[in-house]
Each structure stands twice: as structure tokens, then as C-alpha cells.
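Engineer: Protein chains in written order, with my numbering: chain A, 1 to 385; chain H, 1001 to 1268; chain L, 2001 to 2152.
Some clues are possibly wrong.
As the list claims (entries may be wrong) - Okay, derived cross-link-like pairs now, SDA-like style, lysine to any residue, Cα gap no bigger than 25 Å in a straight line:
1) A:K302 with A:R70
2) L:K2151 with H:R1258
3) L:K2151 with A:G317
Claimed, not checked - One-sided and incomplete, this derived list gives chain H residues near chain A with beta-carbon spacing under 8 Å:
4) P1004
5) G1044
6) Q1056
7) G1073
8) A1076
9) R1077
10) L1078
11) P1080
12) P1089
13) R1228
14) L1236
15) E1267
Unchecked claim - Counterexamples of contact, computed for chain H against chain A with all Cβ distances above 12 Å:
16) V1048
17) D1067
18) S1072
19) D1170
20) P1201
21) E1202
22) K1231
23) R1266
FYI, nobody ran anything at the bench for these hints, they're computed from the structure. A virtual CB, placed ideally from N, CA and C, is assigned to each residue, including glycine.
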Amino acid sequence: MDRAAASHEAMISCDGLQTLLDLLAARGYEVIGPTTRDGAIVYDRIAQLADLPVGWTDRQEPGRYGLERRDDRALFGFTVGPQAWKRFLHRPVETMWTMRKTEDGIVVAGDEAPAPKFAFIGVRSCELHAIAIQDRVLMQGPYPDVAYQMRRENAFIVAVNCGQAGGTCFCVSMQTGPKAESGFDLVLTELIAGGTHEFLVGAGSESGAEILQNLPQRQATESDFASASAIVARTAQEMGRHMETEGLRELLLENLDHPRWDDVAERCLTCGNCTMVCPTCFCTTVEDQSDLAGSSAQRVRKWDSCFTMDFSFIHGGSVRKTARSRYRQWMTHKLATWIDQFGTSGCVGCGRCITWCPVGIDITVEAAAIRAAPHPLKGVADGDG
Amino acid sequence: MPQPYRVARVKRELADTVTLDLAPMVGTRPVFTPGQFNMLYAFGVGEVPISMSGGQSHDVFVHTVRDVGTVSGALARLAPGAVIGLRGPFGAPWPIAAVAGADLMIIAGGLGLAPLRPAIYQVLENRDRYGRVVVLFGSRNPTEMLFRHELEEWRQRLDVDIDVTVDHADPAWRGNVGVVTKLIPRAAFDPQKAVALICGPEIMMRFTVNALRESGVAPQRIYVSMERNMKCAIGLCGHCQFGPTFVCKDGPVMRFDRIAHIFARREI
Amino acid sequence: MATVEEILRQHPFFASAPDEEVRLVAGCGRNRMFRGGEFLCHEGDPADEFFLIREGKVALDIAAPGHAPVVFETLGVGDFVGASWLIPPYRWAFDARAVELTRTIGIDAACLRGKCDADHKFGYEMMKRFLVPLVKRLQETRLQLLDVYGKH
Chain A
1 MDRAAASHEA
11 MISCDGLQTL
21 LDLLAARGYE
31 VIGPTTRDGA
41 IVYDRIAQLA
51 DLPVGWTDRQ
61 EPGRYGLERR
71 DDRALFGFTV
81 GPQAWKRFLH
91 RPVETMWTMR
101 KTEDGIVVAG
111 DEAPAPKFAF
121 IGVRSCELHA
131 IAIQDRVLMQ
141 GPYPDVAYQM
151 RRENAFIVAV
161 NCGQAGGTCF
171 CVSMQTGPKA
181 ESGFDLVLTE
191 LIAGGTHEFL
201 VGAGSESGAE
211 ILQNLPQRQA
221 TESDFASASA
231 IVARTAQEMG
241 RHMETEGLRE
251 LLLENLDHPR
261 WDDVAERCLT
271 CGNCTMVCPT
281 CFCTTVEDQS
291 DLAGSSAQRV
301 RKWDSCFTMD
311 FSFIHGGSVR
321 KTARSRYRQW
331 MTHKLATWID
341 QFGTSGCVGC
351 GRCITWCPVG
361 IDITVEAAAI
371 RAAPHPLKGV
381 ADGDG
Chain H
1001 MPQPYRVARV
1011 KRELADTVTL
1021 DLAPMVGTRP
1031 VFTPGQFNML
1041 YAFGVGEVPI
1051 SMSGGQSHDV
1061 FVHTVRDVGT
1071 VSGALARLAP
1081 GAVIGLRGPF
1091 GAPWPIAAVA
1101 GADLMIIAGG
1111 LGLAPLRPAI
1121 YQVLENRDRY
1131 GRVVVLFGSR
1141 NPTEMLFRHE
1151 LEEWRQRLDV
1161 DIDVTVDHAD
1171 PAWRGNVGVV
1181 TKLIPRAAFD
1191 PQKAVALICG
1201 PEIMMRFTVN
1211 ALRESGVAPQ
1221 RIYVSMERNM
1231 KCAIGLCGHC
1241 QFGPTFVCKD
1251 GPVMRFDRIA
1261 HIFARREI
Chain L
2001 MATVEEILRQ
2011 HPFFASAPDE
2021 EVRLVAGCGR
2031 NRMFRGGEFL
2041 CHEGDPADEF
2051 FLIREGKVAL
2061 DIAAPGHAPV
2071 VFETLGVGDF
2081 VGASWLIPPY
2091 RWAFDARAVE
2101 LTRTIGIDAA
2111 CLRGKCDADH
2121 KFGYEMMKRF
2131 LVPLVKRLQE
2141 TRLQLLDVYG
2151 KH
């Protein structure tokens, strides 16, 4: 599956976009896209363009999220909601195996269900990076997650270049957008001007190019390309937040006892919302369940959060008891030790953790506060205890 | 997925500690390297990581389990013939093969002797590859001394120095009393040539590392065995993280200089 | 037959000490040997002497009526037995018993305290030298107290 940058471009209308949805459904894809529900834009099954959040946008600030009507009928006129695509690829609940006791031992069976084929419509650049980050975490270690791998390989990705930046967005700082560069099969830029409502479509893979050929389209003009570029450039200027990434890893690892951690601990509820909405958080736990007779058992894997008290439990107690240590763990992992582990930052600048924190803790503000007044440790260098 | 293993033998070591011999029900057991661990699954209860505590020449997996929680308690109460699930081997092992020619300081505290026992076996089976071999062991008291009989057997050998101590003596005890670090200045080893393998409670390991460094052993020549909460043992669930490391795959055996900056830090 | 001074110079406690310092201490010292089971001192007795162990093992213990004595520390080559001579009222706090044949240099406490009072520079060096094993022993004792091998 080739996922190089857009290699074939065309213009399609809204009808063309509907044709795309129909074509994917006809080919057996479960088509997932943004839709409004319960006052938010979430990802769920869609079939018609009308299922999309037509004419809606979102207003996001620390601890605040709300939908507002736009004055046009844009289909993708918003940024990201509380859900990430990891809901489908790295499922919240997964049965690992079931076990039965027999006369002479135990019989173990894995999860035999075939992997679903998802088509994701409207994946933002930050989310493409997040998927790539989870690919690295879950597939490139010595023990790849096979179920994730199959869902990932089956997935068809239609990306969307953001037409606006959200109040908590900072993809520009993290170099993850707003323009989708790679990791998609098709990429759309929504162009609404005067009476026309069209999409510049680019193919990013062979399967994308093949599907594109089947859509009613017209040739893209220089003017179309210019409009699309202008939209992306404007989005890049409107970022709601900024994260200074220069030397960020060292800054955090050299300030593990900074008073700011105590400060944020007084605010943090350790509710774990940030880890649930974050598109790169991958931690899971397992639950061993058995029937009352003890004759069969199963192991279920569930999303977990490093904010829970149990997360670091060893005999005697948890290693990270205080809220301070748990917030520090999350933030230093996301922005610093993730780089040691996987070669990139774990943060894609989507801003979800800021929006969905009930008390509005802002990771960019916390990092800036430490940077403004660093307290380097005295006399510690690598190799000295 | 867990493989079925049958408990072939249960040996009671201490009041709350047993050694289980686990035989594969299908095929032969996988090869392992001293320092590694398996995830042992008590049917319907849960899984815990337990280091191998036996030799590589046995055709069973040998694990010494202390009852400290729900799952370990269930494992410690198993009878011969019981069936459990086993996944493994996992983890980074003691660097025994890599340190030929060095003097070996093997320092254990409490139950920490169990993950070191396979290393001691391997060293003694290849004795001529190493310089001086010193085994120091600190135990809580004489009745809670793990593998005491074996320690006495090793002591009979002329080519290894064994010294043990207890934190708290009883009236019958005629040996050393005091913490295990006290045995280090008296041990005969060349700090420039020595490689240290340490296993025990974290506090004990911290003090032992300090004592070794004061004796002149470089941080790159000291190895400790770390322990953290584990769910998957394969680097995917995130629970065992210790700073930038995953204890399940970057450990449990870790070279000290690589974790020196976080080793003594709280709640990392 | 080595002199007390030569023996002290070899002893780890005086490693890297200037010759003059060793000579002054040796002037207060003499060879003392204890057979296995013999007591070096008893709790409550005047702490007239302290001992640098050359060879052997010494157990520090304390007894309560009706109970066998409990050894709470053993000391060996390189250690010194006795710190109570450093502070008034100069009385032994514990019993010390040779576990096996133990050779020591016994140092007269009053003699050494007198030399420290007469020459403060020498006194300061002696105090610095004694502080090292004393502080270490305090750290080790605390570690012993923590009962790290117990279940928590």
C-alpha cells in the first residue's frame, strides 16, 4: 500500500463525494466519518453527506467545547472532536483469548473474528500523524499487535485539510499540519466560494488513485490549487496555541522536581480524560474474567490510563501515588521520553487534552511555565546517581 | 497466548514462599537466559511476572513465588498436578556471557536471590571463564533465608567466596549480623575488573550500588534487576514504564548508568 | 614481631594517615587477643579502651532477663569496636564478644583523649577519621531498621 504524497489531483463536487461514500460502501468498507451527536462531533458510521456536520463548526478552549452554526454549508468546517480514530484501530475493549478447562488441561482460543475494513472519512493531518505514531508503538516493537496491524492494513483513509484552526490547536508547533502530507489514500480540501461547493482531491496511494478514477470529476485548475493553498496557509496562521519544542525533552527531564508539578497537581483531578481523548495514548490493561464454576475464563484488554491509582501498582502499593507524579508521568512521557522510546514526540498538537480537561489544564502553558523558570538539578549528569 | 503448564513439583522454601517446577503439557519448554521472566497465569485469577529461578539444564521452568497478592497467593497455593498458563520468556537477562574474564560480584537481598540463582548456576558451570566470584546475600533473619541449603553447598566450593548476613539475628545464629552492604568492603575483588549483579528490594539495591561505587566500581559495570507493574510483558500496555524504559523489554536487568538519573528519584 | 605502630599503619582505618598521627595513636595502643566466646567489654563498664580488629569477628549483643542475648551487629577486619569512649560518661552501651579467635589493637581511651586535648590539630584529624565509620554505621543501622526484606 503506497502512501506517498498526493500524486494525482482532480476536482469533485458534493455529488462526487457522495459517489465516493457509495463506492466505498459497495466495496465492503465500513464507512466512518464525523457526525453530530450529543452536542459534539464524533466519528461514527455515515452513508449520506447529510450525516456529516453540515454547516457546523466547533468552538474550543481549555475545558470548553461547543458547536456553533456556520454561515455556509461546509461539510468539514470544524476541527477535531473528543474521539480519535484509535477508537476503531486500537479498540477500547478487545477479547484476547478464551480458555476452557478440560479433563487433561486447558484449551486456549484466540479471537477468530475477521478484521473489519474501515474507510475513514475526514482524517485531519494531526490525526494522520497520530495514526503513524500508534503504528510505530504497536507494530514496530519485537511483538507487533497483530489485530491492530490487520485493521490498519485494511483501512482506507480519506484525509481532509483543515479549513480553520481550533482554539486549542497547535499542529504547526508540532510540525504535524495543517496540510496533510502523507499517510492517506485520498486527501480533500473543501473549497466553498460564491455558489460553488467543490473539493480538490489528491490521491496518496495506488488504491486511492484507483478509486479516484471512478469518481465524476473535472480537471483542477491553477486557480483551484491556489485557493486550496491559501486555505491551508490561513489555517496555519490561526493556531489557537503554540508549543515551543526546541530542547523540550531536555527541559522536562532536567526539571523533574520543578515546583510547577506541585502547582498542576493542585488542579489536576487525575480523571484521565486527557488520555482517553488523546489520539496517541495507547496504554491498556487486562481483565481476567471467569465463570462462577471456574471452568472457563477469558482475558479482555481495555484502554487504561496512567492517571489511575492502580496503573503502577506493585506489591505493597503504587509507585506513583501522588497526582503530582501521575501528571508528571503523562506529560514527560508525551513530550520527552516518548522520543527516547519511539523517535518522535508523542504529541501531535490536536489540542484535545486542553479542550476536554474539566479544569482546563493546558499542556502548552505547563511546558511554557517550566521553560520560563527552569530549576535544573544540581550536580546531576548521566552516570551520576 | 498462555501455554498450558503443569505443576510438576512444589517445594516449600519459606513460610510464604514456594518453588514451582512447571512442565510444558505440549512439547518442550523454550530456552531462556538467566534474568528473564515468564508471565504466570493462575486460571481465572490473573497473571504476574515471575523470574526464572532454576537452571537452564532442567526441562522444566523453575519459579520461586512469594505470596504477596491475589495472583501470587493463588500461585503459591497450587498443588502438584495443577495447570496454569505461561507466557514467555521475556526480558533482558543478566549479561553473564558478555563479561568473561571479569571478577563477578553477585549481591542478593531477600527474595532477590531467586532471579540471581540461574546466573550463579551458569557461572559455576563455566567457572573458568571468570576471575574471582563473590556471592553476597542479605536476608531478613536466619529462618527467612532463601536457598539456605544451597548456599551452604556453594560454600563448600574452593573457587567461590560466599558471605551471608542477616538484618536481625536469633539466639542460634552464629554468622554475620548487619546489612549486606557491610560485606562489600571485606569481599576480595578488584573494582577495576569487577562486574556487579544486584537483585533485591529497591532500597537495598540503591544502597548496594552506592557502596560498590564507593569501592571504585564504575556505573557501567553494575547491573540491577528492576520491577514494575506488568500487564502484557511485550512493551504494548505501557504499565511497566520506568522513565524512558519499559521494564519488560529494556529490563528487568538494566545497566545502572543508563538509569542512574532516575534510580533514586521518587515515583518515577 | 611487628610493633603496634607498624600494625596500625597496615590497618584500613589508618590508611593514608600521616606517620606522625599513627605514631601518636600507637603510643596509646597495645596488642589484645580474645578467644572465641571471650568478651571485649560489658554494658555499663567504663569505656577505657576501644579496639581495632586485625583479624576475627566480634558480635555486639544485648540481653534482657529471661531471653537469650540477641546479636544486632557483627564487626570484622577493618572495623573498630567501641564509640562510647568518645562521649561522656564514657561507658560501654553494649556487650561485645569475640565470635572466634580475634586479634585487635586495644587503644587506651583516656590516653588518646588526652593527646587530642593537648594537640587540637591532631584531635581534629582523629575526630574526622572516626566520623567516617560512625556516620556509615548510622546509615547502615537505619537500613537495618527499615526491614526492607519484610512484606509491606
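Engineer: Min Cβ distance, H:A1076 to chain A: is it shorter than 8 Å?
Structural biologist: 12 Å, violated
Engineer: Measuring from the C-beta of H:Q1056 to each C-beta in chain A, is the shortest one below 8 Å?
Structural biologist: 21 Å, violated
Engineer: Can you confirm whether the C-alpha distance between L:K2151 and A:G317 stays at or below 25 Å?
Structural biologist: Holds: L:K2151 and A:G317 sit about 11 Å apart, inside 25 Å.
Engineer: Any Cβ of chain A at or closer than 12 Å to H:V1048, or is the non-interface label fine?
Structural biologist: 9 Å, violated
Engineer: Holds or violated: H:P1080 as interface residue toward chain A, Cβ cutoff 8 Å?
Structural biologist: Since chain A brings no Cβ nearer than about 14 Å to H:P1080, farther than 8 Å, the hint is violated.
Engineer: Going by Cβ atoms only, is H:P1089 closer than 8 Å to chain A?
Structural biologist: At 12 Å from the nearest chain A Cβ, H:P1089 fails the 8 Å test, so the hint is violated.
Engineer: Can the hint on H:L1078 be confirmed by a CB-to-CB distance to chain A that is less than 8 Å?
Structural biologist: 14 Å, violated
Engineer: Going by Cβ atoms, does H:S1072 stay more than 12 Å from chain A at every point?
Structural biologist: 7 Å, violated
Engineer: Would the hint linking L:K2151 and H:R1258 be met if the CA-CA limit is 25 Å?
Structural biologist: Status violated; Cα separation ~29 Å.
Engineer: A closest beta-carbon separation below 8 Å is what the hint needs, so does H:R1077 meet it against chain A?
Structural biologist: The hint is violated - H:R1077 has no Cβ within 8 Å of chain A, the shortest such distance being about 14 Å.
Engineer: Does the claim that H:K1231 lies outside the interface with chain A hold up, using a Cβ gap greater than 12 Å?
Structural biologist: Non-interface label on H:K1231 violated, nearest chain A Cβ at 5 Å vs cutoff 12 Å.
Engineer: Against chain A, is H:P1004 within 8 Å by beta-carbon distance?
Structural biologist: The hint holds - H:P1004 has a Cβ within 8 Å of chain A, the shortest such distance being about 5 Å.
Of the numbered hints listed earlier, those contradicted by the structure are 1, 2, 6, 7, 8, 9, 10, 11, 12, 16, 17, 18, 20, 21, 22, 23.
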